[in-house]
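J.: Listed here are the chains, written in short residue letters.
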Amino acid sequence: MIEIDVSLARNTGFCLEAHFAAPDMGITALFGRSGSGKTTIIQAVAGSVRPDRGRIVVGDEVFFDSDKGIDLPMERRGAGYVFQDARLFPHMTVDNNLRYGERRARRERTIGFDAVVEMLGVRHLLKRRPHTLSGGEKQRVAIGRALLSQPRLLLMDEPLASLDEMRKGEILPYLERLRDELRLPILYVSHSVEEVLRLSDAVAAVADGKVIACGPLADVLSQPELLPVLGRFDLGTIFDCTITAHNEEFGLSTVSFPDGELRVPLVGRPVGAPARARVRSRDVSLSLSRPIDVSVTNRLSGTIARITRAEGPFSDVEVALAHGKLHSLVTQESVQRLALEPGMTVWAMIKAVTVESRPAGFNSPGAEIRSPSPVSPPRQPSAAPPALRVIAGGTPPKAPS
Amino acid sequence: MLTPEEWTAVRLSLQVAFWATIWSLPPAILIGWVLARFNFPGKGIFDGIVHLPLVLPKVVVGYLLLITLGNRGYIGQYLHEWFGISLIFSTAGATVAAAVVSFPLTVNAIRLAIGGIDQGIETAARTLGATKMDAFFTVTLPLMMPGVLSGCLISLASALGEFGATITFVSNVEGQTRTIPLAIYSATHMPDGDAMALRLTVVSVILALGALILAEMADRRIKIALGQI
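Protein sequence lines correspond, in order, to chains A and B.
Just so we're aligned, residue 1 is where the first sequence starts under the UniProt record's numbering, counting upward by one.
Just so we're aligned, residue 1 is where the second sequence starts under the UniProt record's numbering, counting upward by one.
Think of the hints as simulated: they come from the structure by calculation, not from any bench.
In this text, all values refer to a predicted model and were calculated from it rather than measured experimentally.
Careful: at least some of the hints might be erroneous.
[Stated by the list, open to error] Here are the simulated DSBU-like cross-link-like pairs (lysine-lysine), alpha carbons at most 30 Å apart as the crow flies: (1) B/K58 <-> A/K127; (2) B/K43 <-> B/K58; (3) A/K68 <-> A/K210; (4) B/K43 <-> A/K127; (5) A/K325 <-> A/K210; (6) B/K132 <-> B/K43; (7) A/K68 <-> B/K132; (8) B/K223 <-> B/K132.
[Claimed, not checked] For the chain A half of the interface with chain B, some residues (derived, Cβ under 8 Å), not all of them: (9) G101; (10) R104; (11) R145.
All C-beta atoms in this analysis are idealised placements derived from N, C-alpha and C, irrespective of residue type, glycine included.
Next up, chain A with everything else stripped away, as it sits in the complex:
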């Protein structure tokens, strides 16, 4: 586990009170708007910012403990840091940039130079200088440099934020490989829902210097408490599914999960592959009777678990399904008109589903990077779009009714 419990007051009035735990593997996203304190949290983990008090423990290593007077110097923490702006050493070649951390590694070498160079596809850049690289290439080198310092954990501060859409598409597959092939916990700072959905397994949502929710992705992203962070357009439910059928004639795929199945536009992955479906709360409308003559094909029935007032005219309705749950954002007026109450059986009509491609082997025990396990080449951004925004049933997205 990575346990973080720190507080810090800046003389600008900014106050950080972060208390959360992250799993010791996979990607944990620190998610929130800019200025919320996400970066300060990972800076405290790296040691470049010193909290006023608290404790930071990674596995069995204490990085910081104000009560015991422990403050491990930055260079001994083994926290590989990938900065938003790459921060390569301009006076060194790519090769020497990569080797800088490797030469100073204090831990046993498990991440080999050649493996990293191959994984990130930077072999042809080794002799070049950073100022001759594109933004995406710089960021790949920066990731490699951090990995080769044999880190205990990886901290990534919006590594894609300074890149345009093309370059993001270029880096994302590498980040996915990193997650799937290394036994390395990653704290990933981001304000992009798309990135978080595509990459992370767990989420800590940060707002105004506080971690307001923390846990597995599917649990956190549906919590109505997250409205101020996500905005009402992105609040939603995540289903981890399996692709069960393709229908080429209609251009549709079927993805299944314990509570049923969803029809989505054709997903470019084989039957049996895992997929992550995301249903935004505002794309879910509720009906008291089984809807028959409607165009929406994706329907699930369940019981209302709770109704929470959300911002503006909206209420968040949590519908308990047989196994999971589903959130719907409806107006308070509708809640009153239909007399919705916890315990009632309702039909949820899902107007749109977003399917995030999840590489096979997600959550499988990560292979050591230097082991000669066959590694598929990263997908090209053009070959498979990172996320398929799908409108099921042909209904255009509308404001919740």
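Position chain B relative to chain A; hints supplied.
T.: Just chain B now, with coordinates in the frame of chain A:
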């Protein structure tokens, strides 16, 4: 072309300027770094003392050197007694005078160069396992080389032109302390010294231009090496 006496003055000038620059460089880098990167109580006073030789009349600097480092000075008497070192009337003394006078200019050039280096890049080095000292020598120092170079140039130029502190501290001794400016000064006091003064003036101009061109070339090379061009 030049008389042996003039050659001596030119050689002495170059020697004094060169060694003054070399000796003042390490402390200038240290103090420039401290001033650029750290805040501490009394920083203003410290900064003031470092810059004092720049604002004081050079004669005053020379006199202060005389009463501290002269053979009967507060420090000089012990140097003389214990180590047999005597700075007055010597080339070493002229070098000390030139170094002291040019020191604040060197410090300023280096301080500006360090201020221009993104501290984030040092943080990056630290997260990669470098200690503070390691990061300074492998990242900060190479990146401030353009500033160090311009600091050296300013130091050389100001040492070549040093007059007031030198003549007050170590006097005007031919072959020991008579650098080009002092030689020109002496020449203007001689009835037939005009030609000598003029020749040394031409040498001064050539030296200054040469130094500027060399510095420009070196600066370009360093910037290419640093990936700034």
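J.: Compare the structure with each hint and give your call.
T.: Against the structure, the hints:
1. Distance hint between B/K58 and A/K127 is unfulfilled; the C-alpha atoms sit about 51 Å from each other, more than 30 Å.
2. The straight-line distance between the Cα atoms of B/K43 and B/K58 is roughly 24 Å, inside the 30 Å bound, and the hint therefore holds.
3. At most 30 Å may separate the alpha-carbon atoms for a hinted pair to count; A/K68 and A/K210 meet this at roughly 24 Å.
4. Restraint check for B/K43 and A/K127: not satisfied, since their Cα atoms lie roughly 44 Å apart, outside the 30 Å limit.
5. Between the alpha carbons of A/K325 and A/K210 the distance comes to roughly 26 Å, so the proposed pair stays at or under 30 Å and holds.
6. About 22 Å separates the Cα atoms of B/K132 and B/K43, which keeps this hinted pair within 30 Å; it holds.
7. For the given pair, A/K68 sits about 24 Å from B/K132 by alpha-carbon distance, which is consistent with the 30 Å threshold.
8. Straight-line distance between C-alpha atoms of B/K223 and B/K132 comes to about 24 Å, which keeps the hinted pair within the 30 Å bound.
9. At its closest, the beta carbon of A/G101 sits 4 Å from a beta carbon of chain B; the interface hint therefore holds under the 8 Å criterion.
10. Taken as an interface hint, A/R104 checks out: its beta carbon lies about 3 Å from the nearest beta carbon of chain B, inside 8 Å.
11. Using the Cβ-Cβ criterion of 8 Å, the hint placing A/R145 at the interface with chain B is satisfied: the shortest such distance is roughly 7 Å.
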